[in-house]
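Asker: This is what each chain is made of:
Number of protein chains: 2
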Amino acid sequence: MLIDNIKTHVVGVDIRLESTTIAIIDIRGNIVATTHFPTMNYHDVGNFLTAMSDAIMNLLEQNTGIDCIRSIGISAPSGNFYSGCIENSPNFPWKGVVPLAAMLRDRLGLAVALGNDAHVCALGEWAFGAAHGMKDFVLLTMQSGMGSCIVSNGQVCYGANGFAGEVGHTCVIPEGRECGCGKKGCLEAYVTIKGINKTAKEVLAESNKPSLLRDVDTFTSQAIVNFCEQGDELAIETLRRTGKILGLGLANFATILNPEAIVFTEDLMVLSRWIMEDTYATFQEYVFRNIADKVKFTVSSLDDQTRALMGASVLAWDVKEYSLFK
Amino acid sequence: MLIDNIKTHVVGVDIRLESTTIAIIDIRGNIVATTHFPTMNYHDVGNFLTAMSDAIMNLLEQNTGIDCIRSIGISAPSGNFYSGCIENSPNFPWKGVVPLAAMLRDRLGLAVALGNDAHVCALGEWAFGAAHGMKDFVLLTMQSGMGSCIVSNGQVCYGANGFAGEVGHTCVIPEGRECGCGKKGCLEAYVTIKGINKTAKEVLAESNKPSLLRDVDTFTSQAIVNFCEQGDELAIETLRRTGKILGLGLANFATILNPEAIVFTEDLMVLSRWIMEDTYATFQEYVFRNIADKVKFTVSSLDDQTRALMGASVLAWDVKEYSLFK
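Residue numbers (the numbering used here), protein chains in the order written: chain E, 1 to 326; chain D, 1001 to 1326.
If we strip away everything but chain E, and leave its shape as in the complex, we get (with noise of 0.2 Å):
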């Protein structure tokens, strides 16, 4: 066997909504070569493909070159693992079921793997993260909605149809909030920024107080806490209340899972200070006895676009055959 036909590296795709990022990472986790495109110049998947497909060849000229490649792994929202496809995706532009995993398979000729983007993550950081070595672990992670990664005896948790984890459309509040799901008082409904914004408004029709929150209509989860640093009071208590209503949330999803850990991405972690001492009171006011003192709140080590470059050369590494999808 002659040593350039060892496959020693993978590429790793992120796709998000603003930017596709793709890299050259190998089996130690490091990241050799990255570049990136944005993902919604391209409304057709055929053109999107062909964009994809001509940065990947063009960073491996570059750097590796293709011969070191043993596969391809991708992080993408929406993804189904099992099926390779991207499905009824509700922001990109391709509507309907996508085989992008069977498609870039077929432009390039490498074997390629596709997650759905809270799985991924997950498998970065088990990797190569703050869960390394744990076998029982959920993710958590928050941007436009809440989503989760179970990880349960050592295996990714996805469930009868892939969509284990959707810890933000448990009911924390029966009748509670509507929720854009529909349904009415999901935990997603109370602690993403949007659900903090509505917290806000019900806090100042509660109170005469002034507060800065008065002078804005809506606010980031940055601008919430710089009022909050500045002593405002109600915007301390807007996010205690989110605190609180999160740590209900979380106190059931441990209970039925008694994982060794949650894991919190920095989403969440913008609004930390002003939010974990109310979220770890109520988790222990509700977790179930036997492992209240065991279940360890422990933050991602791992930044965003790191992690789930990792994680897609996880999944690239795991992939056994050239023809997974049809």
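Worth flagging that the hints you see were computed from the coordinates, not collected in a lab. A couple of the hints might just be wrong.
Said to hold, decoys possible - In silico lysine-lysine, DSS-like type, Cα no more than 27 Å apart, as pairs:
#1 D:LYS1007 to E:LYS184
#2 D:LYS1095 to D:LYS1194
#3 D:LYS1135 to D:LYS1296
#4 E:LYS320 to D:LYS1135
#5 E:LYS209 to E:LYS198
#6 E:LYS184 to E:LYS198
#7 E:LYS184 to D:LYS1320
#8 E:LYS184 to E:LYS201
#9 D:LYS1320 to E:LYS135
#10 D:LYS1095 to E:LYS294
#11 D:LYS1209 to D:LYS1194
#12 D:LYS1320 to D:LYS1007
#13 E:LYS209 to E:LYS194
#14 E:LYS294 to E:LYS135
#15 D:LYS1135 to D:LYS1294
#16 D:LYS1209 to E:LYS294
#17 E:LYS194 to E:LYS184
#18 D:LYS1201 to D:LYS1184
#19 E:LYS7 to E:LYS320
#20 D:LYS1198 to D:LYS1209
#21 E:LYS184 to D:LYS1296
#22 E:LYS320 to E:LYS135
#23 E:LYS296 to E:LYS135
#24 E:LYS95 to D:LYS1294
#25 D:LYS1135 to D:LYS1320
#26 E:LYS198 to E:LYS95
#27 D:LYS1184 to D:LYS1194
#28 D:LYS1198 to D:LYS1184
#29 E:LYS296 to D:LYS1184
#30 D:LYS1135 to E:LYS135
Quantities reported herein were computed from a predicted structural model and do not represent experimental measurements.
Please arrange chain D on chain E, whose structure you already have, making use of the hints.
Answerer: Relative to chain E, chain D alone:
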């Protein structure tokens, strides 16, 4: 190799408060012979071990002999599969951590596995019952408490400390009714027969209507079902409320796990005609939309005793080594 060296059978043991049942079982799940003795006669665990060993050896002598026995599996409340111990049982007279699997192994010279009763029951249902062939399901049990076992991706989900599946202690009504566990608003506080008795008292207090419930101090599941069958409006209302709360709890459970099915055991089936319609309607209302029509409600196809013995036999066949526990 002599034909009588082939291990064709295992011993399954089902330890309950009232009675300990022992069975010789073949690999197809056929029960060859059974015996049982009263558990609570033995306040000392050494005496219990002797009674159990003697019962096993007598049963073997009268039937297959010991040479064809591969190993022993035990189902026990508060059993921990990882340690082979009964741990801090609130009900057995043997306090603290009892290494029963190791004790029985050393006494009889056979490999012994021990598991939590809910987990063992799921194994039985999986190998020989309604969940046969499913990779993702949950089994619900309801006796004095509400238990469950999660099977995810073809594996029992034990959790980091063996406590996964405590769905009975998820909070369905924040700041709600006190539960025996010390927390507030647990599902178990509403759906066990003790909880249903409390709900009945609330229903009676809200209404002036006559009801058979007014003539009894406490009632069993069968008794309230009888009242419903006689058209007792307040009994029916009591079970409808119970059904709704159960549906909410199960919706959160399924939203997190995306199981193919929820398998109900007979303890719940006694009530089913009077709660299931509301349970399913509320489940549909609160479960994550993408899986609303995908989760089956299924009834166990084994009786309570058979399920535990079948599961214990699966544990026994799966024991790999003689020397599992210290």
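Asker: So, for every hint listed, does it hold in this structure?
Answerer: For each hint, the structure was consulted:
1. At most 27 Å may separate the alpha-carbon atoms for a hinted pair to count; LYS1007 of chain D and LYS184 of chain E exceed this at roughly 56 Å.
2. Of the supplied pair hints, the one linking LYS1095 of chain D and LYS1194 of chain D holds, its CA atoms being roughly 25 Å apart against a limit of 27 Å.
3. Between the alpha carbons of LYS1135 of chain D and LYS1296 of chain D the distance comes to roughly 13 Å, so the proposed pair stays at or under 27 Å and holds.
4. As the CA atoms of LYS320 of chain E and LYS1135 of chain D are separated by approximately 21 Å, the hinted pair is consistent with the 27 Å bound.
5. Under the criterion of a C-alpha separation no larger than 27 Å, the hint pairing LYS209 of chain E with LYS198 of chain E is consistent with the structure, at around 18 Å.
6. The straight-line distance between the Cα atoms of LYS184 of chain E and LYS198 of chain E is roughly 14 Å, inside the 27 Å bound, and the hint therefore holds.
7. Distance hint between LYS184 of chain E and LYS1320 of chain D is unfulfilled; the C-alpha atoms sit about 48 Å from each other, more than 27 Å.
8. With a C-alpha separation of about 18 Å, the suggested pair LYS184 of chain E and LYS201 of chain E falls inside the 27 Å cut-off, and the hint holds.
9. The straight-line distance between the Cα atoms of LYS1320 of chain D and LYS135 of chain E is roughly 21 Å, inside the 27 Å bound, and the hint therefore holds.
10. Between the alpha carbons of LYS1095 of chain D and LYS294 of chain E the distance comes to roughly 22 Å, so the proposed pair stays at or under 27 Å and holds.
11. Between LYS1209 of chain D and LYS1194 of chain D the alpha-carbon distance is near 23 Å, which keeps this suggested pair within the 27 Å criterion.
12. Simply put, LYS1320 of chain D and LYS1007 of chain D have alpha-carbon atoms about 13 Å apart, close enough for the 27 Å limit, and the pair holds.
13. Distance check on the hinted pair: LYS209 of chain E and LYS194 of chain E sit about 23 Å apart at the alpha-carbon level, within 27 Å; holds.
14. Taking the CA atoms of LYS294 of chain E and LYS135 of chain E, the gap is near 14 Å; set against the 27 Å cutoff, the hint holds.
15. At roughly 14 Å between alpha-carbon atoms, LYS1135 of chain D and LYS1294 of chain D fall within 27 Å of each other, so this suggested pair holds.
16. A hinted pair counts as satisfied when its Cα atoms are at most 27 Å apart, and LYS1209 of chain D with LYS294 of chain E does not qualify at roughly 49 Å.
17. A hinted pair counts as satisfied when its Cα atoms are at most 27 Å apart, and LYS194 of chain E with LYS184 of chain E qualifies at roughly 15 Å.
18. Annotation: proposed proximity of LYS1201 of chain D to LYS1184 of chain D holds, straight-line Cα distance about 18 Å (limit 27 Å).
19. Between LYS7 of chain E and LYS320 of chain E the alpha-carbon distance is near 13 Å, which keeps this suggested pair within the 27 Å criterion.
20. Pair hint LYS1198 of chain D plus LYS1209 of chain D holds up; C-alpha atoms about 18 Å apart against a cutoff of 27 Å.
21. Annotation: proposed proximity of LYS184 of chain E to LYS1296 of chain D holds, straight-line Cα distance about 22 Å (limit 27 Å).
22. Between the alpha carbons of LYS320 of chain E and LYS135 of chain E the distance comes to roughly 22 Å, so the proposed pair stays at or under 27 Å and holds.
23. For the given pair, LYS296 of chain E sits about 13 Å from LYS135 of chain E by alpha-carbon distance, which is consistent with the 27 Å threshold.
24. Distance check on the hinted pair: LYS95 of chain E and LYS1294 of chain D sit about 22 Å apart at the alpha-carbon level, within 27 Å; holds.
25. Between the alpha carbons of LYS1135 of chain D and LYS1320 of chain D the distance comes to roughly 22 Å, so the proposed pair stays at or under 27 Å and holds.
26. As the CA atoms of LYS198 of chain E and LYS95 of chain E are separated by approximately 31 Å, the hinted pair breaks the 27 Å bound.
27. Simply put, LYS1184 of chain D and LYS1194 of chain D have alpha-carbon atoms about 15 Å apart, close enough for the 27 Å limit, and the pair holds.
28. For a cut-off of 27 Å, the pair hint linking LYS1198 of chain D to LYS1184 of chain D stands: about 14 Å separates their Cα positions.
29. Simply put, LYS296 of chain E and LYS1184 of chain D have alpha-carbon atoms about 22 Å apart, close enough for the 27 Å limit, and the pair holds.
30. For the hint linking LYS1135 of chain D to LYS135 of chain E, the alpha-carbon distance of about 19 Å falls within 27 Å, and the restraint holds.
Consistency note: the structure conflicts with the earlier hints numbered 1, 7, 16 and 26.
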